[in-house]
Every structure is written in structure tokens, then in C-alpha cells.
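*Asks:* In terms of this note's numbering, the sequence shown opens at residue 1 and continues consecutively.
Honestly, the hints are just simulated from the structure, not real lab data. All of these numbers come straight from a predicted model, not from anything done at the bench. Treat the hints loosely; a few may be bogus.
Claimed, not checked - For lysine to aspartate or glutamate, the following DMTMM-like pairs were computed, each having C-alpha atoms within a straight-line distance of at most 20 Å:
| no. | residue 1 | residue 2 |
| --- | --- | --- |
| 1 | K31 | E17 |
| 2 | K31 | E5 |
| 3 | K30 | E5 |
| 4 | K15 | E38 |
| 5 | K26 | E38 |
| 6 | K13 | E38 |
| 7 | K28 | E5 |
| 8 | K32 | E17 |
| 9 | K30 | E17 |
| 10 | K28 | E38 |
| 11 | K32 | E62 |
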Amino acid sequence: MTHIEIYTIGGRKYKYEVTNFRTGNKVKHKKKYLGAVEPINRKLNKKGGRKAKLKVRKLSTEESVFVKKSLRHSGSYVKDR
Numbered sequence: 001m002t003h004i005e006i007y008t009i010g011g012r013k014y015k016y017e018v019t020n021f022r023t024g025n026k027v028k029h030k031k032k033y034l035g036a037v038e039p040i041n042r043k044l045n046k047k048g049g050r051k052a053k054l055k056v057r058k059l060s061t062e063e064s065v066f067v068k069k070s071l072r073h074s075g076s077y078v079k080d081r
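Whenever a hint applies, use it, and build me the whole structure from the sequences.
*Replies:* Put into C-alpha cells, the structure is as follows:
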């Protein structure tokens, strides 16, 4: 007789196909591994988690002038440390 059993090992669930057979007066079991019930790859929710917030705005004329000036100045790329 063959049936499927689910075992919990280390907090995760796995499926096994179990075949029962008799040898003399004893009933023995032969197990065949079928795979995890919930594989790790499918368990992750792709839409879950925190989303990164991206704020976009237009620079004012003063800010754009400051950025252009700082790009031309060579000291703007010097490391602090």
C-alpha cells in the first residue's frame, strides 16, 4: 500500500511517498522523498516588503546655477577623509 505523508523537519514540511510491506510478521516502511511542500523560492512574496520612496522635483534656477558652478569647480570632488 502506497500513500503520501508530510513530515515536519526543522520547522519545514516535506512530502514523502511511503510504501508499506510485510516481511514475516513485521510491517516495514519504504520512504521516497518527493520534495518540500512550500519551496523557499515560492515562499518569498515579490510584492511584499518596504518600497523605496523616490521623490522627484524640478530644480529652481538658484539650485541649478549652484549645481553647474559646483560641477565646474574641481574642489567639489575632493574626499573629506
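*Asks:* Against this structure, judge whether each hint is valid.
*Replies:* Here's how the hints hold up against the structure:
no.	hint	verdict
1	K31 <-> E17	6 Å, holds
2	K31 <-> E5	9 Å, holds
3	K30 <-> E5	12 Å, holds
4	K15 <-> E38	10 Å, holds
5	K26 <-> E38	34 Å, violated
6	K13 <-> E38	7 Å, holds
7	K28 <-> E5	15 Å, holds
8	K32 <-> E17	5 Å, holds
9	K30 <-> E17	8 Å, holds
10	K28 <-> E38	28 Å, violated
11	K32 <-> E62	72 Å, violated
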